[in-house]
Amino acid sequence: MNAHDPHLGTKFDDGIAPGETLLNVDNISLSFGGVKAITDISFDVLKGEIRAIIGPNGAGKTSMLNVINGFYHPQEGTITFRGEQRRKMKPYQAATSGISRTFQNVALFAGMSTLDNIMAGRTLKMNKNFFWQMWRHGPALKEEIEHRKVVEEVIEFLEIEHIRKEPVGTLPYGLQKRVELGRALAAEPDLLLLDEPMAGMNLEEKEDMSRFIIEVNQQYGTTIALIEHDMGVVMDLADRVIVLDYGKKIGDGLPEDVQANQDVIDAYLGVSH
Amino acid sequence: MSEKGTASISGQPSTFADYLILNASRFADRPAFRHKDHGIWKTWNWAQALEEIRAYSMGLKKLGLKPGDKVAIVGQNRPRLYWTFCAAQAIGAVPVPVYADSVAEEMSFVLQHAEVTAAVCQNQEQVDKIDSIRSELKTLKYVFYDEPRGLRDYEMKNLHAISDVQEMGRKVFAEKGDDAWRKGFEKLGGDDVAVMLYTSGTTGRPKGVMLSYDNLIKSAENANKFDNLNEHDEIIAYLPLAWVGDHVFSYAQSYVGGYCVCCPESPETADHDRLEIAPTYFFAPPRVFETMLTNINVRMQDASNMKQKMFSYFMDHARKVGEPMLNGDDVGFMDKLKYKLGEFLVYAPLKNRMGMSNMKVGYTAGEAIGPEIFSFYRSLGLNLKQLYGQTEASVYISAQPDGQIRADTVGTPSPDVEIKIAKNGEVLYRSPGVFVGYFKNDKATKETKTKEGWVHTGDAGFIDGEGHLRIIDRAKDVGKLKDGSLFAPKYIENKLKFFSNIKEVVAFGDGRDQCCVFLNIDLTSVGNWAERNNVSYASYQELTQHPDVIKMMGDHVAEVNKDLASEEMMSGSQIARFLVLHKELDPDDGEMTRTMKVRRPFISERYGDLIEALYDGSKEKFIETEVVFEDGRKGAISATVSIMDAEMFEPTHALKEAAE
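Chains as they are written, first to last, in our numbering: chain A, 1 to 273; chain B, 1 to 660.
Next comes chain B alone, as it looks inside the complex:
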């Protein structure tokens, strides 16, 4: 590593462009970005990154982009799109990443609301999308693209390839140097808006969260210190750019800490690319961990007898001693030895398969993770932790410190974060990461952020005896059944989702006699089960209504009920009836958000008939649903959905206590 003199910026860096220049001198030869292209990993070190981003930024300036302009970023994880953040920020513009898989009309709202002047697109698909809504985007002047394929014949006004913009910038740099460019961001302070992230909007229209440089940089500094991340770390960037998590992990923390961000070849190859990179820091929503575990289990079921036995023998051992060992407890010599053997035979190959051989720390957040899934990874010796965060907090609200890990909490407050619980059970926090405000929406800002800087999370929770925060549900979703017993839909849904055969659940019950649920089967898992048991089916829809599948779901529901019966607070909200939905809940149909959260009100409206059928005692119900295909066309699917009664249990809470 070369130490080329002192940093060429004065004082503490306050913007990401400052950090870029700092990194280009302190970590000049360390990798900054990697991208797999044509089957080969291409690497840029920080010095090269500076050259590329500076050229890009100066090119944008030359074209006429001004301070305060909003620049939309539409696409998947590509180095050039990450460069756009810094390139735009360096001239005082504000990047606005949007979800690349949104359909045109969704995107139109965000781009209009943000008043974007320029849109940076990954490829032809995104350029077409922008073009189709261009008449609505009054402020849009420029469109840029990364991948030229298919775009050479386009005759759009002000359409430029990023590489051409960089060429322009390089020319300016060769002629005049970069003094003027540097002056542009020296004027920027920590309070200036660095980025605008639109929340996915579980309810209503998305809101533009404005985060300042201070918000992001302070949060990133704290997070890097908390998990000891530095320039030797590598992460793989595969989550949507528009999501605050990706923005902080793959952009803010990388610039502040100097670590390398690797972009996969395509979303489909991300799993394989992770295996090649073996990131040291890994973030994934529970769904990703679930899918990985499901895939492992599916593959193990097809493995040879010998391998299956070895797997189950050593996994049993890991379950017994793996977690205590990770938490630093003493487990005895023989157990340790056996674990070492298991590491050699099973755990290490398994970790390698998942691309986690070098993982220093991993996080899961966004939703509750199943205790079994969580401990599976931890028992392998992976330092997987949970955190609780929000866009409005620049991610971090609370996180689990090393050695204090439990599946049912989200940890202690993150550094510099204060947490308090309101009277109605809602969690409030205050931190340096607290957002500036919602763009053009003072009303919502005032509702969310108090004068003293406390932010309402909208989640109900409490702090347990050990100082760990526990989240029960969305505050507004927690309700009561008619008989007065507590009804926390998310709590029930999560319990069901922990079965690998169940992908998604929607629970109903607030203000009603009893609790009922919709289920979505997990096609990978149930499909594999069907194959092994000679259950034939022609479509997803047919599989969902297969009597054996419904019986399987009934068993899962019964198990959850048994579980609920043993909990004092929850025994009243056992599931009375359930049905298996004939289609997967899908963001394209508006049933879920782009971050895969169920949109309850929308579903209540769309499937109103089915909900009524759950409560009126009918045995089956015909339903026709409109679906939106990936290309935006619409169609309809119809099915007769059977509705089942679930097995329920007497509350066992008192009994259990007596037995203990």
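Bound-form chain A, shown alone:
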């Protein structure tokens, strides 16, 4: 279990103490035409915790993340983030409000360097407009230096100094995943959504990634919701776990409780529906 030191709260004081509800998902239903992706799901994410979403393929996990960060608009239900209730929201609004994410399939700018990719994560925090940027010198440069500092901290944090200037397209998969995490971190999120951060990694890369996730959580106090298939990782990392199957919630609770839940075992091992 992760120790949650109250002194480690996020840098932004949004009036939510660690352990209080940061995100609340109420009765969400999402369908694409006749296909019901998510049916009436409710759960909460507490500030400072690591919340895992698990379930067999097609259970609606990624759809759930897409709903949270505003990419999909649910037909029913509401989402409350930091006390603000909303139903429809554009992804960039979600990003500005402090939600960032990584993708199941690496979605980086392959031709750009690691540094530039992570700098891209700061875009929403840049205030100087296009004309200042064109002029470059003066306020825009000063601002860029400030952002670069944050980005360099992220680079150090993720131990990717050696690939700072490499085009990410040439990097091995495990490192690309790390760069993607870096880009999400650069936005200094309150809530970090990770979509299968360890898919396709070898054991060593998985251990590294787990370490980074724990450290993000502890050092920055970032709340994390993650989807992961590696049960060992989920059981070690997560404070609480939600289990989805066929768009429905079939379990929610502490890792050990979920592990013992008969519905969950059935969903994973497969019984005739």
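Some hints could be false.
[Unchecked claim] If you anchor each label on the Cβ, the simulated ranges turn out as follows: (1) A:Phe109 x B:Gly64: 24 to 34 Å; (2) A:Glu146 x B:Met306: 21 to 31 Å; (3) B:Glu167 x A:Lys128: 32 to 42 Å; (4) B:Ser135 x A:Ala199: 37 to 47 Å; (5) B:Lys360 x A:Ala199: 47 to 57 Å.
Calculated from the structure, these hints are not laboratory results. The beta carbon of each residue, even a glycine, is placed where N, CA and C say it ideally should be.
Since the structure of chain A is already known, use the hints to place chain B on it.
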């Protein structure tokens, strides 16, 4: 540069703390340390270095560190870890650097044996390691760390950040000044033990070599004079702190000469950081030079046709005239002009790429370097030389003077060093750098150091006609085949290792009918070859047993045999059979030392079955080997290794002479 009055110490400096104070006055504005952090080089000049180290040292004193205490230093090349040396020495404590990549149990032996009171760790990883063996370390009282990341929640007793210790020291300094602190090291003399370095131990347990201030300072003075190093030089510190070479180059010589030590951002970025610093003085074991050359060749093979042609044309020219020019010989006007053009088009960009544009002098030591690799660098105009040294000698035993460079010797005796060859061929030396003794091991000290101060190197060698020392092999490794012909394993191994496709070799033959070898492929080089030739493979293991790879190795072995056949002494020990090992020899598995030397006895035991198979004529052999992963867990890998007969040649020595 400012000259702020006279040095505030009286007389000749006898400790590194004295030198620190001297440098802070004579070189106050010159850079002392650089460290790349967050992508930017941060610099401390000598005056700032004094401030930092003094604060650190006074903080340690305040915490209760006493003269004679041993302070372990565990980590990579970081300014604060280098400061620890001087900070500890200033209060009379003895620093004991240990190899940062050792696993906990290896480290435990050294720390117990050294009876350390404090451990200075680079980061969480090292603190965890120390914590895991803390119950065994009865004398350990304090643990310090440099990088706070991940450590803020730790509830270890007496765990302090170096920056907090410095804060404590600064407070004491503000209140009371540094008189008491200075008195602490004024008492120290040249005979006091300055540092304890554990030898990596090719055989048996590591031994703690005690070096005195005099040992290190005299050696450093001589070395700086020999290569004309002064406060305007810069080096990059990237080799393990626990290795005597790094201790002398990046610490002793830097303090004595006043030059700047640059610490890379991380070990992975060292190559790139070197490019940015362009050190004037560079030391690397042959392996580093080999890797650099392999990388260049690999990249050239992927370069455009035009570039490849230009590269090979000018490299051919450099091979012809580069070395003579470097040795000061006259080569004719047209050749010089062509070399100048080559410098502009190929050599300078190449040197820049390797971070050697400003290199005044470079050294390689530790192992023999391939003649081709050696002359490649020299033909580019780089003053690369070889030296021969040992921990027990504070590095320097012999080194090549400028202008007298040959790939097969290790040079003439270093200043103040006497060398003699014992009856059995073993090299002995005597110098001011000769160590005080092994810590808590008088027996070993007596075996190594005679009453008259001569030290047994354990290496067999001879002095050639021009007064240069040549090393053949470890004295105890030189043996004989059953038919009486001389068998020098290292000699054969080195010949094979000079092929870029071969990374490591172990030769067997002492007391046997014939000579046989284990080979390790070089994955970078062979992997690139596989890519170009559409050879597909799923793992290292599979690649090693690929028929084409084995054939390639067979060709290399045949070439070496041909070479051996032409040498009178060695023609009898041609390689009869060989096999390509299914795994890389690795220090984590105990097969090599941390300085990457093969541990022969261990390998003979571990791969006994394979050795037998080499001699009993079998065509292949199944083997299962236990491996230790980097995090200390164990696993096993198994493979069927094919065993090949090598092509052998008639001795051609007589023929060659006749032809000449």
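> Of the numbered hints stated previously, which ones are contradicted by the structure, given in increasing order?
Replying inline: 1 and 2
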